[in-house]
Amino acid sequence: MKRLIILLTLIIFSLQFIQAGSVGITPAHYKEFFEPGLTKTFNFYAFSSTEEEGVDLYIKGDLSEYVNISRTHINSSGDFTVTISLPNEIKKPGTHKILVGAMEAKGINQSGIGGVAAIQGRIDIMVPYPGKYAESTFKISNINEGENAPYQLEIKNLGTQSIIVNSKINIYKVNSSEVIITETIPEKTMEPKETLNIQGTLDTKNLPPGEYVTFATIEWGRKTVLNQTFRVGEFLVEIVDYDYQFEQGKINPFVIKIENKWNTKIDEVFATVSITDEGVLMGDFRTVTVDTRPWEIKNITGYFDTSKLEAKRYTALIELSYDGETTSKLVAIYVNEPPTKTYITYIIIAAIVIFLIIAAFAYLIWKIRKLSRKNGKKK
Amino acid sequence: MKSEEVISYVSIAVIAISLFFIGTELTGFVTTYNDTAEVNVTIDASAGISFSTAILDFGSGAVTPGHSAVLDSNAGTGTYWSGSNTSSQLVLENIGNVNLTLQLKTNNTATQFIGGTNPLVQAKVTNKSEEPGACTGTNAFDDYAEINTTLQTACGGAFAYETAYDQIDINFKLTIPSNALGTRTTLITAVGTDA
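Chains as they are written, first to last, in this note's numbering: chain A, 2 to 380; chain B, 7 to 201.
With the rest of the complex left out, here is chain A (with noise of 0.2 Å):
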């Protein structure tokens, strides 16, 4: 009996360790521009799923010295506060990180390696640059043929003076200095701190399937340049690799690559392939069927028995099947005899080489005597 609570003990303890051991904080960031001596209190809510030994909570990064947080342990989930005490300089321009952590206060108790988490939100505090100064940011989304690319492009005011920004949005073609369009954006005035959000869609409607590059150009005073690709897709799932090397007498996988060229995801997606020689159907068999995300890029696996083939070429036509269309692609194939067959066979042909070898030179050995002894004679 005592055995048998100690044995429950244990399974207990090990089962605690098994189960998730999750972490989280929110929200995980907080942006905040510096002021001179500024002090200011920010909410956090931290939650773990560690019961029993809770989480610790502690504060690391840049200007940790000027943070106070007002728990360093809660138990399960919580709310807690974080208050920032600014000095009246901060002389690095720039943004600093404080790291606001949540880390699981469990320890091990078998043997093994544990997995302990932690997490971290922040707070940024930006420290104006002197004088101009923006920096920004650009998104472009991939889009399907016949859509317009949403994008976003984001310009923070990070220095002390106001300053007039002019931004352009130029599209390529990949490996071409062709604009294909522009969109230019209003002329705008920025206050120090501003940050001006432009959302916005480019007018991609007519661009055909295919990857393309946006350049966007933001000038302050001085001139930044972004660049993102993105791509136009079209409904199709391609064939991008497949096996062709098989061993004769046994049931081999048969991989096929496939890639989802369309930005949305395409379901059930399997391949039939159908074996011939010369015309004659030698066999057919079909993949698994697999779901794919956007541009994903998959193998997908079938089964080809090559038991009652012969080693030899074959032709293989891959249909692949999705939501009403077809892809496919002929193919040649090669069936080999097993290894150890053809190692058979080389170590048979090199044993008659060597045997011609020895044989050549017995006979040259032999016709060298013969000559020397006729020599002989002769004198």
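Everything labelled a hint here was simulated from the structure, so no lab data went into it. Predicted model only: the values in this text are computed from it and were never measured. There's no promise every hint is true.
[Unchecked claim] Just some of the chain B residues that point at chain A, by a computed CB distance under 8 Å:
id: 1; residue: I55
id: 2; residue: T189
id: 3; residue: T195
[What the hints assert, rightly or not] The calculated lysine-lysine pairs, modelled on BS3-like cross-linking and capped at a C-alpha distance of 30 Å, are:
id: 4; chain 1: A; residue 1: K93; chain 2: A; residue 2: K140
id: 5; chain 1: A; residue 1: K93; chain 2: A; residue 2: K157
id: 6; chain 1: A; residue 1: K194; chain 2: A; residue 2: K41
id: 7; chain 1: A; residue 1: K174; chain 2: A; residue 2: K224
id: 8; chain 1: A; residue 1: K299; chain 2: B; residue 2: K179
id: 9; chain 1: A; residue 1: K371; chain 2: A; residue 2: K309
id: 10; chain 1: A; residue 1: K309; chain 2: A; residue 2: K266
id: 11; chain 1: B; residue 1: K111; chain 2: A; residue 2: K258
id: 12; chain 1: A; residue 1: K224; chain 2: A; residue 2: K299
id: 13; chain 1: B; residue 1: K134; chain 2: A; residue 2: K299
id: 14; chain 1: A; residue 1: K194; chain 2: A; residue 2: K93
id: 15; chain 1: A; residue 1: K169; chain 2: A; residue 2: K157
id: 16; chain 1: A; residue 1: K206; chain 2: A; residue 2: K133
id: 17; chain 1: A; residue 1: K61; chain 2: B; residue 2: K111
id: 18; chain 1: A; residue 1: K266; chain 2: B; residue 2: K111
id: 19; chain 1: B; residue 1: K111; chain 2: A; residue 2: K98
id: 20; chain 1: A; residue 1: K98; chain 2: A; residue 2: K41
id: 21; chain 1: A; residue 1: K206; chain 2: A; residue 2: K189
id: 22; chain 1: A; residue 1: K258; chain 2: A; residue 2: K309
id: 23; chain 1: A; residue 1: K224; chain 2: A; residue 2: K169
id: 24; chain 1: B; residue 1: K111; chain 2: A; residue 2: K32
id: 25; chain 1: A; residue 1: K194; chain 2: A; residue 2: K258
id: 26; chain 1: A; residue 1: K157; chain 2: A; residue 2: K224
id: 27; chain 1: B; residue 1: K134; chain 2: A; residue 2: K140
[Stated by the list, open to error] Going by beta-carbon spacing under 8 Å, a handful of chain A positions derived as facing chain B:
id: 28; residue: G22
id: 29; residue: N44
id: 30; residue: G113
id: 31; residue: Q121
id: 32; residue: G122
Beta carbons: idealized from backbone N, C-alpha and C, even for Gly.
Given the coordinates of chain A, assemble chain B onto it according to the supplied hints.
The following block gives chain B in isolation, referenced to the frame of chain A:
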């Protein structure tokens, strides 16, 4: 007014009123004016990670004398090791709604964890199968690399939060010298930071 006349007028009124309702029936459908209502909700950014498999136990065994055992959880092999092989790993998931950067460290050195002469603890971080793209950017543990007590970057680009690809495997390779002994334990801390 005679009672016959009253009855006649009432009858006419009933017939007239009834005419208004010809073709009208209760349908259950309600005709409404175009009207709108607004529902607002603000969802804050939330950062979180979870070890869905939080322990990796290599079990017990003995090292062949004169050799160092090498236990590899990714390959599921163990050389110069009498115990059974282990092919499991720690599994970490981004359970929040923001991309994170990820760093890893141990709470003790290889010598403290394993003991003996020249022990080694190596980690390897890969996307969970069927979840490509979960971990992008700089990865010090792209292939097996020594893990130590200082934070090393595992997913420098992003540890993604999208459900379809938000899980990674953390495998370990232990080199256990023949003069190491005892039940050994170490903790791996995974630190996710809002990217």
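Structure-based check of each hint:
1. I55: 5 Å, holds
2. T189: For B/T189, the interface hint holds, since the closest Cβ of chain A sits about 5 Å away, which is under 8 Å.
3. T195: 5 Å, holds
4. A/K93 - A/K140: 29 Å, holds
5. A/K93 - A/K157: 18 Å, holds
6. A/K194 - A/K41: Holds, at about 17 Å.
7. A/K174 - A/K224: 23 Å, holds
8. A/K299 - B/K179: Since the Cα atoms of A/K299 and B/K179 sit roughly 29 Å apart, the hinted pair holds (cutoff 30 Å).
9. A/K371 - A/K309: Not OK: A/K371 and A/K309 at ~57 Å, beyond 30 Å, violated.
10. A/K309 - A/K266: Violated. A/K309 to A/K266 sits at ~39 Å, over the 30 Å cutoff.
11. B/K111 - A/K258: Measuring from Cα to Cα gives roughly 36 Å; hence the hint is violated.
12. A/K224 - A/K299: 41 Å, violated
13. B/K134 - A/K299: 14 Å, holds
14. A/K194 - A/K93: 17 Å, holds
15. A/K169 - A/K157: Holds, at roughly 16 Å.
16. A/K206 - A/K133: Violated, at about 38 Å.
17. A/K61 - B/K111: Answer holds: A/K61 to B/K111 is near 16 Å, not above 30 Å.
18. A/K266 - B/K111: Violated: A/K266 and B/K111 sit about 37 Å apart, past 30 Å.
19. B/K111 - A/K98: OK: B/K111 and A/K98 at ~21 Å, within 30 Å.
20. A/K98 - A/K41: 15 Å, holds
21. A/K206 - A/K189: 28 Å, holds
22. A/K258 - A/K309: 26 Å, holds
23. A/K224 - A/K169: 11 Å, holds
24. B/K111 - A/K32: Holds, at about 28 Å.
25. A/K194 - A/K258: 50 Å, violated
26. A/K157 - A/K224: 14 Å, holds
27. B/K134 - A/K140: Answer holds: B/K134 to A/K140 is near 28 Å, not above 30 Å.
28. G22: For A/G22, the interface hint holds, since the closest Cβ of chain B sits about 4 Å away, which is under 8 Å.
29. N44: 10 Å, violated
30. G113: 4 Å, holds
31. Q121: 4 Å, holds
32. G122: 6 Å, holds
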